[in-house]
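Undergrad: Protein chains in written order, with the working numbering: chain A, 1 to 248; chain B, 249 to 315; chain C, 316 to 666.
Heads up, some of the hints might be wrong.
As the list claims (entries may be wrong) - Below, in silico cross-link-like pairs of lysine-lysine (BS3-like), each with a Cα-Cα straight-line distance of 25 Å or less:
no. : chain 1 : residue 1 : chain 2 : residue 2
1   : B       : Lys-271   : A       : Lys-186
2   : C       : Lys-578   : A       : Lys-14
3   : B       : Lys-258   : C       : Lys-521
4   : A       : Lys-182   : B       : Lys-271
5   : A       : Lys-193   : C       : Lys-517
6   : B       : Lys-251   : A       : Lys-182
7   : B       : Lys-315   : A       : Lys-189
8   : A       : Lys-185   : B       : Lys-315
9   : A       : Lys-14    : C       : Lys-517
10  : B       : Lys-315   : A       : Lys-186
11  : B       : Lys-251   : A       : Lys-185
12  : A       : Lys-185   : B       : Lys-253
Unchecked claim - One side of the interface only, derived from the structure: several residues of chain B facing chain A at Cβ under 8 Å:
no. : residue
13  : Gly-261
14  : Glu-263
15  : Val-268
16  : Val-275
17  : Asp-308
18  : Lys-315
Hint data in this document are derived by calculation from the structure and do not stem from the laboratory. For clarity, every value in this text was computed on a predicted model and none was experimentally measured. Think of the CB as a built atom: it goes at the ideal place given N, C-alpha and C, for glycine as much as any other residue.
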Amino acid sequence: MEQIAGRPNALTDKEFHYCPGCTHGIVHRLVAEVIDELGVQEEAIGVAPVGCAVLAYEYFDVDMHEAAHGRAPAVATGVKRVHPDKVVFTYQGDGDFASIGTAESVHAASRGEEITAIFINNAIYGMTGGQMAPTTLEGQKTTTSPYGRDVDHAGHPIKMSEMLATLEGAAYVARVSVDSPKNIKKAKKAIKKAFEVQLAGEGFALVEVLSTCPTNWGLSPLEAIDWLQENMLPYYPLGEIKSKEEDK
Amino acid sequence: MAKIKFNQDKCKGCELCTTVCPKDIVVIDDEINTKGFHPATVSDEDECIACGFCASICPDVVIEIFK
Amino acid sequence: MSEKVLMKGNEAIAEAAIRANCKHFFGYPITPQNELPAYMARKLPKIDGGVFLQAESEVAAINMVYGAAGAGARVMTSSSSPGISLKAEGISYIAGAELPAVIVNIVRGGPGLGGIQPAQSDYFQATKGMAHGDFKLVVLAPSSVQEAVDLTMEAFDIADRYRNPVMVIGDGIIGQMMEPVEFKDIGADDLPEKDWITDGAKGREKNVINSLHLQPEDLEEHNWKLDRKYKEIKKNEVKYETENMEDAEIAIVAYGTTARIAKTAIKEARAEGIKVGLIRPITLFPFPEEVINQAADQVDSFLTVEMSTGQMVEDVRLAVNGKKPVEFYGRTGGMIPSPAEIVEQLKEVRG
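Turn these sequences into a full structure, and let the hints guide you.
TA: Shown next as structure tokens:
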């Protein structure tokens, strides 16, 4: 019999510490499946963030480097500049990639750093207990926006993918979602492309993944999927925002 | 003919898999696993068409499918 | 042995790093160290595998160093005081993850934006309060361009031997001064193999570069392990110079640029009959406390001279441990003590 679903080789046997229904696990699996399919497990070096995915270094069965909050693209730059023939990726949340590490994200993209960034946007700080993220939606309640995000006071949620797509060095930018099998399939395709872009030496590749945080959204895992579909999808449109084919 | 296996002790009972099955055969078990969750299971394996939807949305890599 | 060449301190440090097989440099512009990255920018791209990269900030630069060090490269960054403050976070991670890296601080006056003239007011930062957590940098303080060259080359060996960041600390005078230098072949050949690096897990278990230890028992064990390493460094790596100490009744303790000025002052003071000698710490961590403590049995008093309001003087007092009075003379904010001022102080100390 042929196995069509299971644990990819690029994941360790360690069980994820994530809350029930948290979609980090889906994205971990997709990244690992892509590493397997491209046959780069022995060439890959991952850079883990600070946030819920801080322990990603325990889950990916590849060489891993744990970075300081927001600094993963700089750390990945250091790794890639030493080993330009290896496959270097970062795995970061919205606080990490789009708030404290904005400068590192923008400039790694601007330099066309040949790395792949996987950016998890779940519109909240998970690990610290549900504070407002740069991507928190207007009106969304968090522990630090208890009356809902007031855009006159806290500004508007940031669209990193659209912003980074304007940079010459960004070769591939896509926003995907892991709310349904259909979208998960598309997410994997984008992640694979983002690694292929790196392998081809085309420049910086980013995949923003819309994800859920049932615990800090105060919803059940199923309700969280609905909330993502009803609230995040309209503000954060899915699709390839920049790719070589589209430029043609 | 497909074979589907739930590694129930790793399941956190999030129920995401139960909503995506086109055959409605992925359900929550009455039993409790070692983590204290009601894990997902399959009610009628013979009906499984190995579409892989349940495994694709599972955040904990609980499900293995063969065909 | 190569012949002597006339070089500016900042450029000589850069060349020394390249001679020590450092092929990766990440930095961000700040005065008064700009000749160092500019030299790297000219030279490294011409070397096979060499990379000079101007980062978007000091914060990014030190994290590129963190990545490159983890990936196994000999790597350097340089900056000046306010920039080092920004790098402090990354240096803590590098120390926590036990990675070798060399950081150059060409110190300028502070606090805040301070000024751009030479100072020694980052002594506390370098030796004690660099950043969060239980860790130490090895701190090397050259007092000539030649010594800056030798210590920079050795810094890479020390960093590799102990898997710890090493700081070469100078000031604008050392950085800007031109002196003839010789690049000696002094690299160690007994350094441990780097089997922990992230270069792709080919035919081996994966490697992880990390400073996170969520279990307090683990973190405590890690911190004691670091502490044992620092004790080993204290045992093996203390460096200092003494001059005119044989019959000295007063000992000046000074490092770097200030020690050079003190040497001139000592000549003048001795001509006036003041028996004064110099103890010059070359390593600020590990601090040469033993030689200072022993000198306390001989001299009547100490005079610590610094370009700060008094930082190293605290370590001198700890080393002297109350045996003799320890006086202090300092200029700060970019002002430089003159030999005549130091002689005046010596007269006061003598009473």
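Undergrad: Give a verdict on every hint.
TA: Going down the list of hints, with the structure as the test:
Restraint check for Lys-271 of chain B and Lys-186 of chain A: satisfied, since their Cα atoms lie roughly 22 Å apart, inside the 25 Å limit. Using a Cα cut-off of 25 Å, the hinted pair Lys-578 of chain C and Lys-14 of chain A is violated, with the two alpha carbons roughly 62 Å apart. For the hint linking Lys-258 of chain B to Lys-521 of chain C, the alpha-carbon distance of about 24 Å falls within 25 Å, and the restraint holds. Taken as a hint, the Lys-182 of chain A and Lys-271 of chain B pair is honoured in the structure, with Cα atoms around 16 Å apart against an allowance of 25 Å.
Between Lys-193 of chain A and Lys-517 of chain C the alpha-carbon distance is near 23 Å, which keeps this suggested pair within the 25 Å criterion. About 22 Å separates the Cα atoms of Lys-251 of chain B and Lys-182 of chain A, which keeps this hinted pair within 25 Å; it holds. Among the hinted pairs, Lys-315 of chain B with Lys-189 of chain A is consistent with the structure: their alpha-carbon atoms are about 23 Å apart, no more than 25 Å. At roughly 19 Å between alpha-carbon atoms, Lys-185 of chain A and Lys-315 of chain B fall within 25 Å of each other, so this suggested pair holds.
Taking the CA atoms of Lys-14 of chain A and Lys-517 of chain C, the gap is near 21 Å; set against the 25 Å cutoff, the hint holds. For the suggested pair Lys-315 of chain B and Lys-186 of chain A, the alpha carbons sit about 23 Å apart, so the restraint of at most 25 Å is met. Between Lys-251 of chain B and Lys-185 of chain A the alpha-carbon distance is near 21 Å, which keeps this suggested pair within the 25 Å criterion. The hinted pair formed by Lys-185 of chain A and Lys-253 of chain B meets the criterion: a straight-line CA distance of about 21 Å does not exceed 25 Å.
Interface hint status for Gly-261 of chain B: upheld, as the beta-carbon distance to the closest one in chain A is roughly 6 Å, under 8 Å. Evaluation of the Glu-263 of chain B hint against chain A yields a held restraint, the C-beta minimum of about 6 Å falling below 8 Å. For the restraint placing Val-268 of chain B at the interface with chain A, the shortest Cβ-Cβ distance is roughly 5 Å, inside the 8 Å limit, so the hint holds. Checking Val-275 of chain B against chain A by beta carbon gives a least distance of about 14 Å; that is not within 8 Å, so the hint is violated.
For the restraint placing Asp-308 of chain B at the interface with chain A, the shortest Cβ-Cβ distance is roughly 5 Å, inside the 8 Å limit, so the hint holds. Restraint check, Lys-315 of chain B versus chain A: the minimum CB separation of about 6 Å is within 8 Å; hint holds.
Figure legend: structure checked against the earlier numbered hints; hints not met, in rising order: 2 and 16.
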